Amino acid sequence: MEYVLIIISAIFVNNVILAKFLGVCPFFGVSKKVETALGMGGAVVFVMTIATIVTYLIQKYILDKFGIQYMQTITFILIIASLVQLVEIILKKMSPSLYQALGIFLPLITTNCAVLGVAILAVSTDGFGLMESTVYAIASAIGFGLALTIFAGIREQLDMMDVPEGMKGVPIAFVTAGILALAFMGFSGIA
Amino acid sequence: MNKLFVSPSPHVYGKQSVKGLMYGVLIALIPTMLVSIYFFGMGALIVTLSSVLSAVAFEYLITRFILKSESTIMDGSAALTGLLLAFNVPSNLPLWIILIGSFVAIAVSKMSFGGLGNNIFNPALVGRVFLLISFPVQMTSWPKPIAITEKMLPYLDAETGATPLALVKEGVRNGVKLSEIQGIPSNMDMFIGNMGGSLGEVAAIALILGLVYMLVRKIITWHIPVSILGTIAIFSGLMHLGNPDKFTDPVFNMLTGGVLLGAIFMATDYVTSPMSTKGMLIYGVSIGVLTVVIRAFGAFPEGVSFAILIMNAFVPLINMYSKPKRFGEKQKK
Amino acid sequence: MNENEVIIATIITISSIGILAAVILYWASQKFKVIEDPRIDEVDEALPAANCGGCGYAGCRNFAEACVKDGIDDLFCPVGGNETMQAVAKVLGLTASEKEREIAVVRCSGSPTHRPRTNAYDGAENCTIVASLYSGETGCQYGCLGLGECVEVCNFDAIHMNPITNLPEVTEDNCTGCNACVAICPKDIIELRPIGKKSRKIYVSCINEDKGGAAKKACAVACIGCSKCFKVCAFEAITMNNFLAYIDPNACKLCRKCVDVCPTGAIHELNFPPRKAKPATAGGTTAVKKAVAKKAEPKEGINLIETAKKAAEKKGTDSKEEKKDNDNKES
Amino acid sequence: MAAKKESTFINMVVVLLIVSTVAATTLAFVYQATKGPIEQAKLKKQKNAIKKVVADFDNNPIAENFKVAIAEGDTLECYPAKKGDKLVGLAVKTYTKKGFSGKIWLMVGYNPDGSINNISVLEHKETPGLGDKMEKAKSDWSNKFNGLIPEFKGDEPVNIKVTKDGGVIDAITATTISSRAFCDAVNRSFIAFKNSQK
Amino acid sequence: MSKVNIFTRGFFKENAVFVMLLGLCPALGTTTSAINGLAMGLATTFVLIMSNIVVSLIKSQIPDKVRIPAYIVVIASFVTVVELTMKAYLPELFAVLGLFIPLIVVNCLILGRAEAFASKNNVFDSILDGLGMGLGFAMALTILGAVREVLGSGSIFDIPLYEGDGALVFVLAPGAFIALGYLIAILNKLTKKTA
Amino acid sequence: MQEPEQIEHQGIIKKIDGNEIDISIVSIAACASCSAKGVCSASDVEEKIVQVKTENAADYDVNETVDIYYKQSLGFRALFLGYLLPFLIVMATLITIMVITGSEGTAGLVSLLTLVPYYLVLHFTKDKLKETFSFSIKKSYPKLSTMTNINFS
Amino acid sequence: MLKTFSKGGIHPPENKLTANKQIEMLALPKTVVVPVAQHIGAPAKIIVKRGDMVKAGQIIAESGGFISANIHSPVSGKVTKFDKIIDTSGYKKDTVIIEVEGDEWVDTIDKSDTLIKEISLSPEEIVKRVNDSGVVGLGGATFPSYVKLMVPKGKKADVLILNGVECEPYLTSDHRLMLEKGEEMLVGVKIIMKAINVNKAIIGIENNKKDAIEHLTTLCQGYDGITVVPLKVKYPQGGEKQLIKATINREIPSGALPIEVGAVVQNVGTAFAVYEAVQKNKPLFERVITITGKSLKNPSNFLVRVGTATSNLIEAAGGLPEDTGKIISGGPMMGKALLNDQSPVTKGTSGILIMPEVESQRRKMLPCIRCAKCVSVCPMGLEPFLLMTYSVKKEYEREEKERVMDCIECGSCSYVCPSDRPLLDYIRLGKSEIGKIIRSRKA
Ligand SMILES: Cc1cc2nc3c(=O)[nH]c(=O)nc-3n(C[C@H](O)[C@H](O)[C@H](O)COP(=O)(O)O)c2cc1C
Ligand SMILES: Cc1cc2nc3c(=O)[nH]c(=O)nc-3n(C[C@H](O)[C@H](O)[C@H](O)COP(=O)(O)O)c2cc1C
Ligand SMILES: Cc1cc2nc3c(=O)[nH]c(=O)nc-3n(C[C@H](O)[C@H](O)[C@H](O)COP(=O)(O)O)c2cc1C
Ligand SMILES: Cc1cc2nc3c(=O)[nH]c(=O)nc-3n(C[C@H](O)[C@H](O)[C@H](O)CO)c2cc1C
Ligand code: SF4
Ligand code: SF4
Ligand code: SF4
Ligand code: SF4
Ligand code: FES
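Chains as they are written, first to last, in our numbering: chain A, 1 to 191; chain B, 1 to 333; chain C, 1 to 331; chain D, 1 to 198; chain E, 1 to 195; chain F, 1 to 153; chain G, 1 to 443.
Since the hints were derived computationally from the structure, they do not count as laboratory data.
Mixed in with the good hints there might be a few duds.
Listed below are the simulated DSBU-like cross-link pairs for lysine-lysine, each with C-alpha atoms no more than 35 Å apart in a straight line [to be verified]: (1) Lys-394(G) to Lys-218(B); (2) Lys-153(D) to Lys-246(B); (3) Lys-53(F) to Lys-138(F); (4) Lys-164(D) to Lys-136(D); (5) Lys-92(G) to Lys-55(G); (6) Lys-55(G) to Lys-7(G); (7) Lys-103(D) to Lys-44(D); (8) Lys-99(C) to Lys-55(G); (9) Lys-246(B) to Lys-98(D); (10) Lys-78(G) to Lys-156(G); (11) Lys-153(G) to Lys-30(G); (12) Lys-7(G) to Lys-30(G); (13) Lys-297(G) to Lys-325(B); (14) Lys-15(F) to Lys-33(A); (15) Lys-394(G) to Lys-15(B); (16) Lys-128(G) to Lys-3(B); (17) Lys-14(F) to Lys-394(G); (18) Lys-189(E) to Lys-65(A); (19) Lys-297(G) to Lys-3(B); (20) Lys-325(B) to Lys-3(G); (21) Lys-81(G) to Lys-128(G); (22) Lys-93(G) to Lys-294(G); (23) Lys-93(G) to Lys-78(G); (24) Lys-93(G) to Lys-16(G); (25) Lys-218(B) to Lys-210(G).
All of these numbers come straight from a predicted model, not from anything done at the bench.
This is chain A alone, in the form it adopts within the complex (with noise of 0.2 Å):
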C-alpha cells in the first residue's frame, strides 16, 4: 500500500512537472510529437531510476558516511551528467544498431532539474529507503512521461487550429500547461 501510495502520488496528484515545476523546459521543448514523448518517456523512467539508485548509495555510503552532505548537490550533478553520457557510449560501444534506431527516434537525454530534482527529493525524504526513493524515480519519471505525453498530443492539435496571433506558440502552452495542472489538481488528496 506504501508503494501504491508512493506511486499514485508521483504521477498525478504531485507530477513533476504539473505541481513540482521539476523539468519544465524539455516539458516544453519535447513536447512536439506524441511518439517522441512517449519514447523520451521511457527513456527517462530508465535514466531517472538509475541516477536515484546511483545518487542514493553515494549519500548513504559516501556523503552521510563522511559527515559531508553539504557536497551534495556538486556530487550529485557530476554524477549524474557522467552517467548519461556513460549509458550512450555503452549502447553505442554494445549495440551500434540499437544505438541508431534509437538515436533515429529519440532526442539525446540531457541532464535537467527532473533527473537532479528528483534524486534529491527522493534521498532527503524522511523515511525513503532505497527501494521507497527508487519506485518513487518510477513514478515520477512515469509521471514526467505522461505529462509530457498528453501535451504532446494537444500541441499536435493545437497546431492544426487557428490560435490567435498573439497567443500562438509559448504563451498558448503555457496556457494549456496551466489548465491541465488546473485538471491534475482533481486528483489531489487522493494518497
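Given the structure of chain A, go ahead and fit chains B, C, D, E, F and G with the ligands onto it with the hints provided.
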C-alpha cells in the same frame, strides 16, 4: 440570364447549422433552468442571467477590441458557456465571482485558443474549476432548496447546507457508516432536484428530458452520456457491493454531484470530445472511472468536472489512436 | 569526525568524482565527435532565417549545409540576395558570383472592367480549387482567378490583392524573388523577371493563348497575337507563340517601342519616368496610360496605372459593385 | 574565440583534478565557516518557537530537553521553561501525519496547569491560502487554542476537535482537514505533557 | 558590442525567462510571491556572476574537452556556497526556496552564459554580462511573483492591497503557468509594437 | 489497426557503396528547441551514421537529403531493449536482493552491476539486432510548408 | 430490415419530381456539338473531315487507347466544323459540330422495338461489340465498359451487380429505364453475365422505387440467376463500394477494384446500352436524361441525342425559370455546375437540374466545431474535417496517411457540416496534389 453560380459539388446542404445546434442545447436546458428557479428562487435567476450576459459580453469585447475580428456572439456558444457555467455554481455565488468565472471561461479557455472550435478544454468547466480552487469557501456553500410555492429563496443570504456528496465524504472521512449519515435526501428528492448543490445539477428529471430532446433532434449521439453513466453505475456498483459502508450505491452516484449535467451537457461538448465513436466510448468510460475514483479517494467530493477536464486533455491522443474504422480496412488479422 | 577529517574527506571524494567525470566525459567527447562543420553555423547565421524554401532547400539550415558542402557556385538565396551570398562567401572563403535580382511580375491585367464576369464562383476560396474545377469566373480561361493564393504564400508581404482590379500587385521593394507565389499560382500567371536597370521592366501582361478574336472578346486588354510588337522590336527580344507575345528580359533593351504599338495595351512598362506628352496615336487605353504615367510615382508603376485607368473609365457602374464583392470576400 | 587549449588525456585529468580540488577545498572552508551559523540558526529557530509559546523563562530549554513516550515507539520532545528553578511552562514539539499534504510540525506551549499557552507552527506543507492559515503570520486562527485544557474520554479527545466533530474549535473555512490535523497534533502533545507530569 | 548593451540585453531583448525561456523551473516554482521571486533571482544572479568571473579567468587554462565538467564543478561550488550561506543567515527563505537552490546548478542560463560569453570574453565584460542576465532573470521572477501575489493573495511584497484572499489558483501550480503565459503574450505584443 | 505508423528522420547521404548507403543523421538533444542551444554545448547536436540497405541505391546521390524510416513498433522495440529491459532487470535484481539480504548497499550495487552482463549480451547479439533494426530509405517528401511549431525566439 | 451499407451515409430530401414521367423522345436539335472526350481516359481521335456527310451511328472518332471509347455521330447531317468549345469545365475542348439533316441511321442498326432474347455472340465477340459501340458506364464515371467486361487474368468474378440505386436526389432516368425497358435491360444483364462468365446477378434498387422493384422482380422470374435486392434509402448507396457492401456484404480493400472481391458493377443504363449494342448493333449515341428542378414548368425524362445543347432540353421542359441560380449536370450531390446553358450533353449526362437562386448559394463558412458529424456520415470511414485541415495547411504527407485517396467524393461530409465548411472542395485539392506526388514518386 443572370450570372449562374458555379461551385464544386455537392450543391445541397443539410439543415443543421452551428447556431441551430447551440440554440438546440439552450432549449434542452430550459427545463433544468425552470427547476432551478423553482428550488433556488432569485439566486438562480440572477446567477444565470449575469453569467450568460457576462459571457456574451466578454466574447463581444474580445472579438471587437483585442482580436479585431468579426463578432461571434450570435452563434450562441458563448451564451451556452455562460449558462452551463451558471449551472455549475451555487445559486448564492457573489456577482464578482461569477464575472471572474465567465471571464476565465471565455477569455482564457476559449478565446485565447482561437474561439469556437479551437479550445482544448471545456470553457465552462475551466471557469468552474478555476473558481472552485480560487474561492473554495464561496464555491462550496450551497443554499438549501425551498420550493418557490412556499417561499421565493433570496439571492445572497439564503440558509446554506451541504450537498449529499459532501455529507457522504465528510461522514466517510470520520469513519461513520454510510447508512448512519444524517441528512441525505431521498432518491425521489434527488430525482426531482430537491437537494443542495449547484443550481443546474440537481434536477435529474429535467436533465434527462434535455437528453431526450437532444437525442431526438440529433444534436448529440448516445455514446458519451451512456458510456459515462453506465461506467459510473457499474463501477460504483461493484465498489458498493465490496464495501457498502464506505462506498455509495450507484443510484446515489448517478443522481448527485452533477453527473447527469456533466454526462449529458458538458462531456458532450463537440469541441472538446473525441471524433470517432470508438473514441467517444473510450472517453466516456474513462470519465466514468475517474469520476468514481476522485469521489471515493480524492479530496473533492464530486469528481465529474475534473474527470471531464482531465479527459479533455487526452482527447487529442484519443483522436490520434482511435481512428474510425476505414472502409475496406482488413478485418481482424 | 573532526574538522580536518571533513576537509580531507571532501577533497578526496570530490577529486575522485571529478576525475571519474573527467574520464567519462573525455571518453564521451571522443566517441561523439561532433562532425558538424562549425562553418555551417556561421553560414546559417548569415542567412535571413526566413526558411522560405526559395533556394530549393527545406530550410535555411539545409541551405547552409549545402553551401558548406558543395560550394556556392550553383546556390543562391533569393531572399538575402547578393549581399547575403557575399557574406556566405566570406565565411567560406569563396567568391560569390553576382546574380541579378529577380522579382515577381503578374502577367494578367484583366480587371473586372476589362474582363467581364460570366458566372459567379461560390466555392472554397482558393485558386487551386477553382482551377481544378473550371476556368474561372470570366471568359478568359488563362487569367487570374483573383482569390489571392499567391498573397497567402508570400512570406514577405510583397504581394497584395488590389481590391479594385481584383488582381495581385507586387511591392517590388519587398519582393525577394523567392518563387513561392510563382509555384503556387495554378494559372502560371506570375513570372520572376530580372529586376532590370533602375528596376525598369517591359513585359507582356497577358498569357492568353487564344486567337485574337476570342482573346479580345474575353478581355479587352489581352494580347491578341497581332505581332505588331514582334515586328517593331529591333533587338529580336520578342517571340510569338500561340497568338501570344513574350519579351525576353535579357534581350530587351527597354526601348519601349513595342509598348507604343500594342493595340490593346497588353505590354506594360514598369518604373519608367513619365514620357513627354505626345499626341495619342495608339489605342485609347494606351493614351490613358500615358496620361496617367506622368502623374504616377515611378515605383508604383502598374498599380497606379491600373487604378487610374480604372478611374478614367469609371463610367462603368460595375466598379462599385465589384468593390463591394471584394470586400465581402475578404472579410 | 580565445585560443583553445589542446586536449590531452593527461592535461584533462590534471585540470579537472585541480579544479575539483580547489573547489572542494574552498567549499570545505566555506562549510567550516558556515557550520556554526547554521547550527545557530537552527537553534535560534527552535528557541524562538519555544519563546513564542511559553511564558518568560531564563533557562535553556533546549539544553534541558527530554523525550516523552506517548505511545509505543512514539516519543515527543519536550522543552521545560523555567524561571529560576520554577517550571513556568512546557513546550512540546509535536506532529501529525493527517495533514492535507504531509506532516505538520507544531510547537505547543503549556502552562503548568495544563492549559495551552500558545502554539506555533514549525513546518507544514499545506496549501497556501488554505491550510497555511494555521500560521500566525497568515491568520490568528491558532490563538483559538490558547487557554484551553485538552480533555479526553479514554483515548478520544473531547474538546480539541473541530465543531463538525463535536469539539469547540471552528475549523478554518474550507480547510477542515488541516484544522482536524492541527487538533490531532495538539492532542498528541497533551498526552506528552500529561506523561511528563508523571 | 557596447558595454551598455552587454548589460541591458538581459532585461528585454534576451531576457532569460520571457524571451529565451531558460530556467523555467525556478521561474514557476519559486514565484508564489514577489519577494520569493526576487530572492531566487538574486541567488541565481550571484551564482551567475561568480561563475562568469571564474570561468573567464580560467578559460585559457581549460582543455577544450573538459570545459563542460570543469564549468559544472565551478558552478556547483558557487551554488553550494549560496546554499550554505542561506542556511546560515536566511534560514526562512531557504526553507521556502528549498529544492530550487541546488537546482540552480542545472539552470541552462548559467552554463549557457559560461559557455557562450564568459569563456570568450574578459572578466569585466563577463561580470557585466552576468549582472545583466542575472538581474534580468531576477526582474522576470519578481514580476511574475508580483503578479501571482497580487492576484492570488491580494498583496504585494507582503503589503496587503485588498480585503480577502484573491484567486488562490495563482498561488498554486496552474496559476503559475497561466500567469507566465499571459505575461509572455503581453510582452510579445509590447515589444512588437516598439520594434 | 491502422497502417503501421512510421518513425522518420531526415538525413543526408554520406556514402553509397553497392546497395549500402551511409546516411548521417543529426540527433538533437532534449532541449533542442531551447533558444540557447546555440550557445550551450552541454546539449551538443550529435551526428550519427546509419547504414541502410536498399535495392535501388542507384536512385540516390551522395549529399541528397532523404528520409530514413522504420516501423514505429521497431522504435518501441529499440526503446524496450535499450532502456526498458535493462531497467526491468535492475529493478528485479534490486527487489530480489532486498528481499533476500535486506541490505540496501548490496542490493543497489549488485543491481547496478547486472547492467554489465546485460550490455555484454547485447554485445554478443549485435549482429542479430542489426538484422532486426533495419531501416528503409525514401526520398524526402516535398515540404510545402513547415508546421507552425512553437517558436522559441 | 432492408439491406444497406454499414457505415455513414445521409438521407437528403429525395425530390424525385419526375418519377412518374414517361420517357419522351426529345426533338432533334438543329446542330449537335459532339465532344471527343466524353469518357474517362484518352480522348478519341477524330476520323471525319469537314464537310463529310454522316449518318446517325456512324463512327466519327476512334478510341484513343486502351481506356478510351469510340464516338459515333448521334445524328445524320454534315460535319461543319471542328472547334474548341468551352465544355462543362470552362476549358476549351475539341468537338465535332454537325449540322442536322434528316434522321438517317447507319444500316446495320436494328431500329425495331422487338425484344431479342437469344444471345448469339461469344464472350469475346460481346466485348468487341461493346467496345465498337462506344459503350461507357452510364452511372456517372463514364468508364469504358468493355474494359470491365474483360476480367483480368488471375481474377475471377462470381457476381454481377446492377446499380439501379439512383441514390442522387431528383434524378429518375435509371428508375424510368427500369420500368420501361426492364426486359431489354435484363437481357443486357444476361449478356454481361455471359461476357464475364458469372451465373449470378443482383440488381440493387433503393426502396423509394417500389414500382421498379416490383416490376423487375416479376420479370426476373424469366431470367435465371438474376435477383432484385431492395435497399434502404441512403446516399451514397450507388457508390460501387457501398453497393457491394450493401448487397453481398463484401468490402473492397482500400485502393482496389470491385473485381478484388469477385464483383463487377454496372449501371442499369449501361446494361440497356449493352443490350442495344449487342442485340441491335446500335452504338451509344443517345441516352435517357432527367431534366428537373423545383421551379421548372415541366420536369421530364427525355431520350436525348448526345451533343444536344442543354438549352434545348430546358426549352423542352418549359424554359429556363426566372429565378435560376445554378444549372447542374447530374444530381445535386455529385453533379457539376454549368457555366451556361450552351454546353452539350454527353454520354455521361444523367440529368440536368435547375436550382433556384435561393438554394444555389452556399452559406458562409464558419470554424469547424469538431462536431464529428462529417466523420459519422463518411461512408469510407474517413475524417473529413482533418483532411480539410491538412489540405489547408498543405500537410499532404499526413493527409495521405489519413487515406485521403479513399475518398469517393460523395459530398456527404460537406452536406452535413453545420459550419458549412467546404470539406470536399479541400479534400479534392488534397487528392489532386497528393495524386501528383504519388505519380512523381512512381516516376
Ligand atoms: C488544491 C487543493 C488544496 C487544498 N488544500 C487544503 C488544505 O491545505 N487543507 C485543507 O484542510 N483542505 C484543503 N483542501 C480542501 C479539501 O480538499 C476539502 O475541500 C475541504 O476539506 C472541504 O472541507 P470543508 O469545506 O468542510 O472544510 C484543498 C483542496 C484543493 C483542491
Ligand atoms: C485504371 C482503371 C482500371 C479499371 N479496371 C477495371 C477492371 O479491370 N474491372 C472493372 O470491373 N472495373 C475497372 N475499373 C472501373 C472502376 O472499378 C469503376 O467502375 C470506375 O472507376 C467507375 O466507378 P464509379 O462510377 O463508382 O466512380 C477500372 C478503373 C480504372 C480507373
Ligand atoms: C457517391 C457515388 C454515388 C453513386 N451513385 C450512383 C447511382 O446512384 N447510380 C449508379 O448507377 N451509379 C452510381 N455511382 C457510380 C457507381 O459507383 C459505379 O461507378 C457505377 O455503378 C458503375 O457502373 P457503370 O460503369 O455502368 O456506370 C455512384 C458513385 C459514387 C462515387
Ligand atoms: C452538445 C453541446 C454541449 C456543449 N457543452 C458545453 C460545455 O459543457 N461547456 C461550454 O463551455 N460550452 C459547451 N458547448 C458550447 C460550445 O461548444 C463551447 O462553447 C465551445 O467549447 C467553445 O469553443 C456545448 C455545445 C454543444 C452543442
Ligand atoms: S495570380 Fe494566380 S494565385 Fe494569384 S490570385 Fe491570380 S490565380 Fe490566384
Ligand atoms: S511576391 Fe512572390 S516571389 Fe516575391 S517574395 Fe512574395 S512570394 Fe516570393
Ligand atoms: S466526400 Fe469523401 S470524405 Fe466526404 S463523406 Fe464522402 S467519402 Fe467521406
Ligand atoms: S461536420 Fe463540419 S463542423 Fe463538424 S467536425 Fe466536420 S468539419 Fe467540423
Ligand atoms: S529550469 Fe529548465 S528544466 Fe528546470
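Pair hint Lys-78(G) and Lys-156(G), alpha-carbon separation not exceeding 35 Å
Not satisfied, since the Cα-Cα distance of roughly 46 Å exceeds 35 Å.
Mind checking the alpha carbons of Lys-128(G) and Lys-3(B) for me, to see if they're no more than 35 Å apart?
violated (45 Å)
Hinted pair, alpha-carbon criterion (35 Å max): Lys-164(D), Lys-136(D). Please report holds or violated.
holds (23 Å)
Is Lys-15(F) close enough to Lys-33(A), meaning Cα to Cα at most 35 Å?
With Cα atoms ~30 Å apart, Lys-15(F) and Lys-33(A) stay inside 35 Å; holds.
Given the hinted pair Lys-153(D) and Lys-246(B), is their Cα-Cα distance within 35 Å?
holds (26 Å)
Is Lys-325(B) close enough to Lys-3(G), meaning Cα to Cα at most 35 Å?
Since the Cα atoms of Lys-325(B) and Lys-3(G) sit roughly 20 Å apart, the hinted pair holds (cutoff 35 Å).
Decide if the proposed pair is consistent with the structure: Lys-394(G) and Lys-218(B), CA atoms, cutoff 35 Å inclusive.
holds (33 Å)
Against the 35 Å threshold, does the CA-CA distance of Lys-7(G) and Lys-30(G) hold or violate the hint?
Not satisfied, since the Cα-Cα distance of roughly 48 Å exceeds 35 Å.
Just to be careful, I want the Cα atoms of Lys-297(G) and Lys-3(B) compared with a cutoff of 35 Å; is the pair within it?
Holds - the C-alpha atoms of Lys-3(B) and Lys-297(G) are around 21 Å apart, at most 35 Å.
For Lys-218(B) and Lys-210(G), compute the direct alpha-carbon distance and say whether it is at most 35 Å.
Within the cut-off at roughly 28 Å; holds.
Does Lys-93(G) pair with Lys-16(G) here, judged by a C-alpha cut-off of 35 Å?
holds (33 Å)
Is it true that the CA of Lys-99(C) sits at most 35 Å from the CA of Lys-55(G)?
Violated, at about 64 Å.
Going through the hint list in order, the structure does not satisfy hints 6, 8, 10, 11, 12, 13, 16 and 18.
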